Amino acid sequence: MFDFGVVTNWIHTQLTSVMPEGLAVFLECVAIGVCLLLLYVIIAIIMIYMERKVCAAFQCRLGPQRVGPWGSVQVFCDVFKMLTKEIIIIRHADKFLYNLAPFIVILASVMAFAYIPINRGMEILDFNVGILFFMAASSIGVVGILLAGWSSNNKFSLIGAMRSGAQMISYELSIGLSILTIVVLTDTMQFSEIVMRQADGWFIFKGHIPALIAFIIYLIAGNAEVNRGPFDLPEAESELTAGYHTEYSGMHFGLFYVAEFVNLFIVSSIAATVFLGGWMPLHIPGLDGFNAVMDAIPGFIWFFAKALFVVWLLMWIKWTFPRLRIDQILTLEWKYLVPIGLLNLLLMVIVVVFGLHF
Amino acid sequence: MDSIMENNLDIKDRMAAFVPQVQWSEAGEGMFTVPAEDFRKVASFLKDEAGFDFLRSLTGVDWGDEGLGCVYHLENTSTGENVVLRTLDPDRDNATLPSVHDIWKAADLNEREAYDFLGIRFIGHPDLRRLYLRDDWKGYPLRKDYDPSWNGIPVENEETNDDAPTYEVTKDGSFILKRRPLFEDDEYVINIGPQHPATHGVLRFRVSLEGEIIRKLDVHCGYIHRGIEKMCESMTYPQTLGLTDRLDYLGAMQNRHALCMCIEKAMGLEVSDRIQYIRTIMDELQRIDSHLLFASCLAQDMGALEVFFLGFRDREKVLDILEQTTGGRLIQTYNRIGGVQADIHPDFVRKTKEFIAYMRPKLNEYHEIFTGNVIACTRLVGTGVLSREDAISFGATGGTGRASGWACDVRKRHPYGVYDKVDFKEITFTEGDCFARYMVRMKEIEESMNIIEQLIDNIPEGEYQMKVRPLVKLPEGSWYSAVEGSRGEFGVYLESRGDKSPYRLKFRSTGLPLVSCIDTITRGAKIADLIAIGGTLDYVVPDIDR
Amino acid sequence: MKRNVNIKSMKYEDFNDNEYIEQMLKELNENGANVIVGCLDNVIEWGRSNSLWPLTFATSCCGIEFMAIGAARYDFARFGFEVARASPRQADFIMVAGTITYKMAPVLKRLYDQMADPKYVVATGGCAISGGPFQKSYHVVCGVDKILPVDVYIPGCPPRPEAMLYGLMQLQRKVKAQRFLGGINKGISEKEYERLMAEGVGRSEGKDDYDESGLA
Chain A
293 MFDFGVVTNW IHTQLTSVMP EGLAVFLECV AIGVCLLLLY VIIAIIMIYM ERKVCAAFQC
353 RLGPQRVGPW GSVQVFCDVF KMLTKEIIII RHADKFLYNL APFIVILASV MAFAYIPINR
413 GMEILDFNVG ILFFMAASSI GVVGILLAGW SSNNKFSLIG AMRSGAQMIS YELSIGLSIL
473 TIVVLTDTMQ FSEIVMRQAD GWFIFKGHIP ALIAFIIYLI AGNAEVNRGP FDLPEAESEL
533 TAGYHTEYSG MHFGLFYVAE FVNLFIVSSI AATVFLGGWM PLHIPGLDGF NAVMDAIPGF
593 IWFFAKALFV VWLLMWIKWT FPRLRIDQIL TLEWKYLVPI GLLNLLLMVI VVVFGLHF
Chain B
85 MDSIMENNLD IKDRMAAFVP QVQWSEAGEG MFTVPAEDFR KVASFLKDEA GFDFLRSLTG
145 VDWGDEGLGC VYHLENTSTG ENVVLRTLDP DRDNATLPSV HDIWKAADLN EREAYDFLGI
205 RFIGHPDLRR LYLRDDWKGY PLRKDYDPSW NGIPVENEET NDDAPTYEVT KDGSFILKRR
265 PLFEDDEYVI NIGPQHPATH GVLRFRVSLE GEIIRKLDVH CGYIHRGIEK MCESMTYPQT
325 LGLTDRLDYL GAMQNRHALC MCIEKAMGLE VSDRIQYIRT IMDELQRIDS HLLFASCLAQ
385 DMGALEVFFL GFRDREKVLD ILEQTTGGRL IQTYNRIGGV QADIHPDFVR KTKEFIAYMR
445 PKLNEYHEIF TGNVIACTRL VGTGVLSRED AISFGATGGT GRASGWACDV RKRHPYGVYD
505 KVDFKEITFT EGDCFARYMV RMKEIEESMN IIEQLIDNIP EGEYQMKVRP LVKLPEGSWY
565 SAVEGSRGEF GVYLESRGDK SPYRLKFRST GLPLVSCIDT ITRGAKIADL IAIGGTLDYV
625 VPDIDR
Chain C
669 MKRNVNIKSM KYEDFNDNEY IEQMLKELNE NGANVIVGCL DNVIEWGRSN SLWPLTFATS
729 CCGIEFMAIG AARYDFARFG FEVARASPRQ ADFIMVAGTI TYKMAPVLKR LYDQMADPKY
789 VVATGGCAIS GGPFQKSYHV VCGVDKILPV DVYIPGCPPR PEAMLYGLMQ LQRKVKAQRF
849 LGGINKGISE KEYERLMAEG VGRSEGKDDY DESGLA
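Chains as they are written, first to last, in my numbering: chain A, 293 to 650; chain B, 85 to 630; chain C, 669 to 884.
Accuracy of the hints is not assured; some may be wrong.
To be verified - Lysine-lysine pairs mimicking DSSO-like chemistry, simulated, CA-CA at most 30 angstroms apart: (1) LYS676/C with LYS401/B; (2) LYS387/A with LYS777/C; (3) LYS349/B with LYS496/B.
Unchecked claim - Beyond 10 angstroms from chain C on every Cβ pair, some chain B residues (computed): (4) GLU240; (5) GLU242; (6) GLN279; (7) ARG310; (8) LEU334; (9) PHE392; (10) ARG420; (11) ALA426; (12) GLU531.
To be verified - Far from chain B by the CB rule (all over 12 angstroms, computed), these chain A residues: (13) ILE340; (14) ILE432; (15) ASN446; (16) ALA458; (17) THR533; (18) GLY542; (19) ASP619; (20) THR623; (21) LEU624.
No lab work stands behind these hints: they were computed from the structure. Please read all numbers here as calculations on a predicted model, not as lab measurements. We put the beta carbon where it would ideally sit given N, CA and C, even for glycine.
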């Protein structure tokens with residue numbers, strides 16, 4: 293299994309040999325920041341392209357086709373278009389908050405993105421309360437959405453933002469509970485450690501029934517958290533035109549648009565990391581030959597394959613299911629998911645205490 | 085025809101006994117003329133004692149020197165009797181008539197329409213604003229003395245006027261204007277439309293919200309009011325046909341069928357069996373097309389885009405068949421006075437049968453993906469309940485009425501075409517909620533296919549166009565004929581003065597009654613329910629606005 | 669700088685109104701531009717032309733055909749028109765699909781004003797072009813070009829989906845022949861148009877009472 297830490301250590305030693313350590317660390321931070329943003333953009337582009345193509349396939353269409361092979365550079369066209377579009381400043385809006393909101397959303401998204409372990413030794417933020425911090429970072433996004441809706445001075449936006457607030461804060465709970473179930477199983481909150489513990493089998497297999505339930509709850513709640521699929525109420529096209537970003541144009545809207553897709557990827561990759569082993573190849577204890585073959589596939593391929601599989605699953609749900617109503621969304625969360633999540637946590641504790649897991 | 089006459093004789097005696105001033109005129113299908121001062125009395129008598137609970141159509145007419153007035157088409161839903169009344173006020177400048185909005189709820193918007201077009205003030209109407217035209221519109225366009233140069237393209241945005249004017253009569257005979265606010269100052273009123281993805285066109289709702297819950301809803305129509313009825317008055321009869329397709333563009337065949345039937349009835353022309361068969365089959369194909377689009381749009385509004393594409397995929401197949409014969413995808417311009425424009429294409433029969441064989445199993449896909457979906461069910465079941473009484477009172481025909489348990493299918497009530505020769509079920513539900521409205525239409529697709537299957541192999545030989553002189557002149561009189569359009573009873577009221585163009589041509593909109601009941605059934609529902617209700621009512625805005 | 673206005677897998681000769689596009693190209697090339705600006709412009713116009721997002725706006729019959737080109741058989745997503753936006757702020761062009769009546773005209777103008785530049789107008793169908801069959805009506809605007817600057821006209825009643833796709837390709841060609849950096853050459857500038865309109869209908873320029881706060 294290739295450890296990316298070797299590369300980073302080598303870069304670090306090379307840099308410290310020619311300059312003082314402080315400067316080296318600073319340079320590394322800058323480099324990592326640039327790489328992170330670059331990766332963020334690339335992921336966004338891949339996600340948008342994938343969304344277009346996957347939804348086209350579900351709808352018996354072809355999807356973008358004209359620019360580049362199979363329309364693969366379509367998203368670049370969109371980016372150029374977005375960048376050159378006028379940004380409308382609304383007269384009666386709260387200008388400062390109105391301009392701030394998209395950046396808060398994208399900031400939360402980038403921060404959460406930084407926690408994802410892509411390969412062994414290739415995690416940017418990784419410390420012992422990683423999960424806690426990830427949840428905190430990702431939930432900043434709702435503030436941006438609320439601000440966007442409130443500062444736009446548009447009634448549709450306001451309703452969209454209120455819906456979003458109610459929905460995202462509620463579903464945060466289920467996400468927490470389902471991840472907590474796995475934390476109980478692993479007794480760690482560090483992402484790299486969680487992945488390492490899955491060397492002898494992914495948690496969805498190891499934790500069997502409670503882990504499976506937690507996975508399903510996570511998928512539902514995660515979908516709601518990123519305002520997609522049957523939970524796209526805050527921007528419900530047919531009800532609120534474009535919800536909280538009705539008044540945003542040009543790149544401001546582009547930031548919301550990009551953040552939505554990358555958030556989808558983040559939710560999926562956390563699902564892949566926590567339940568499906570992240571970059572850890574599929575290992576079956578006892579079958580050493582099989583495990584060696586699996587190890588030959590690089591970790592980041594495993595990671596992206598799993599994450600994109602979950603993304604695909606969520607897209608499938610999005611394009612098939614009708615939208616829920618606001619009261620149904622809250623009923624689903626508070627009357628079903630939270631109690632089931634709590635019971636599931638208890639079940640996991642029992643499983644762990646009595647050693648019933650594999 | 086005959087049965088209508090007999091009923092009229094019966095009701096004639098009863099009317100004469102009740103109010104002796106009522107006059108019966110024979111021209112055309114005949115109608116009663118009721119003096120305005122007795123009109124409310126007659127109306128209550130007809131509604132409460134004679135059981136005429138369905139106001140089919142209310143038409144404002146400018147009778148020149150005779151005055152301004154209205155024609156009311158009434159039907160008794162339990163016996164199927166029909167009666168036509170008219171009442172008028174000779175004072176053109178201050179025409180007033182008593183309002184009957186409390187007797188038939190359908191009169192509410194229809195009276196506003198008559199006020200808008202002709203300036204007839206309805207005494208006691210609670211909300212006599214203009215329905216279609218802007219509040220600052222000068223003149224009343226359907227009056228014969230209206231001059232189009234009075235109004236130009238407005239450049240300023242329309243002021244939203246939330247005051248509902250009411251006219252009341254004082255003891256000395258003059259009337260006073262009272263204003264009543266529609267929305268209070270502290271209400272959170274949002275504006276949905278005219279450009280909004282869920283209004284299916286350019287309808288506008290003003291919705292008072294409490295959180296997500298709808299407290300009150302006010303409909304604004306007229307953003308696509310094209311003045312078709314006025315235009316028809318200056319056109320020859322064959323020319324008027326061209327505009328019907330553009331009313332409810334998803335019922336182009338049926339609309340035109342209704343107008344052709346009405347003109348043929350006035351001419352006393354019987355069309356050949358072949359024409360009847362072709363028209364019936366075309367009507368049903370159009371119905372399938374429309375209902376598929378209904379399912380697609382409903383699903384799209386509710387966020388299930390998958391079904392939208394399924395619907396359009398299958399709809400294209402219907403359009404292919406229609407296009408082969410008529411040459412049009414949406415605007416068919418196929419029916420003509422005394423026939424159809426062209427004989428059916430040689431492949432028509434084969435292709436239609438292929439389509440039916442293709443479509444039957446495909447319907448299951450809709451049920452698997454959408455009907456059976458738990459989210460769709462919970463959103464549709466129990467929302468937007470329209471009771472049977474309300475449906476009749478509002479005149480909400482079509483799938484909406486049948487979902488509420490009212491057997492209002494014109495194909496059964498007043499059979500036309502060859503509907504009396506085919507065996508088909510009239511789908512009715514009793515729930516009256518969104519799900520019932522959805523299911524009625526899905527089941528009707530199957531029934532339509534049954535009808536086509538019974539007819540398609542038996543199209544008799546014959547001519548597809550009867551001999552009709554190019555310049556059609558109708559005798560004096562008035563006629564009403566209706567077909568079952570894709571979304572309800574589509575009626576044509578034609579009044580002729582013996583010229584080559586109609587004196588008054590009114591289309592009974594299928595959508596206006598549906599829109600008028602939307603306030604009643606959305607109260608207490610959520611915004612998302614408004615979308616589902618609007619989707620299942622299945623109105624087409626150009627048909628409402630005409 | 670040679671600007672390419674070709675559409676993939678379409679012959680140049682298959683398009684009508686090539687003279688118009690050539691005229692635009694000539695104007696574009698007349699003054700020349702420096703290489704970097706020219707290249708950048710080229711890329712921007714390529715991007716813009718392939719990513720025109722429509723506003724979901726329809727008034728009548730043509731709207732159904734507009735939906736049909738979004739659906740499976742015609743699928744305008746192939747050309748990058750995929751993301752129909754319900755909010756005018758985010759749309760690139762407005763497809764005036766259907767009759768525009770007097771009551772609708774100020775609303776439509778307002779919708780157009782709410783859109784972010786660069787924006788385009790496609791008049792679809794007889795009604796939007798000239799009033800179509802409703803020319804004699806007392807309540808129909810005979811041609812949407814009386815209130816908006818139209819870029820492409822698509823005739824038909826309603827136009828077939830193929831015709832709509834053709835019209836949208838013409839719009840793409842027009843966008844490709846434009847200069848983004850240094851002014852959008854729409855043939856007639858926005859300001860000029862506003863001035864003409866103000867003269868034509870004698871409206872006041874006072875915008876104090878104009879509420880931009882959105883749809884609500």
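Against the structure, the hints:
| no. | hint | verdict |
| --- | --- | --- |
| 1 | LYS676/C with LYS401/B | 29 angstroms, holds |
| 2 | LYS387/A with LYS777/C | 25 angstroms, holds |
| 3 | LYS349/B with LYS496/B | 19 angstroms, holds |
| 4 | GLU240 | 6 angstroms, violated |
| 5 | GLU242 | 7 angstroms, violated |
| 6 | GLN279 | 5 angstroms, violated |
| 7 | ARG310 | 5 angstroms, violated |
| 8 | LEU334 | 7 angstroms, violated |
| 9 | PHE392 | 7 angstroms, violated |
| 10 | ARG420 | 17 angstroms, holds |
| 11 | ALA426 | 18 angstroms, holds |
| 12 | GLU531 | 23 angstroms, holds |
| 13 | ILE340 | 17 angstroms, holds |
| 14 | ILE432 | 25 angstroms, holds |
| 15 | ASN446 | 10 angstroms, violated |
| 16 | ALA458 | 10 angstroms, violated |
| 17 | THR533 | 6 angstroms, violated |
| 18 | GLY542 | 20 angstroms, holds |
| 19 | ASP619 | 7 angstroms, violated |
| 20 | THR623 | 9 angstroms, violated |
| 21 | LEU624 | 10 angstroms, violated |
Going down the numbered hints, you'll see the structure goes against 4, 5, 6, 7, 8, 9, 15, 16, 17, 19, 20 and 21, while the others check out.
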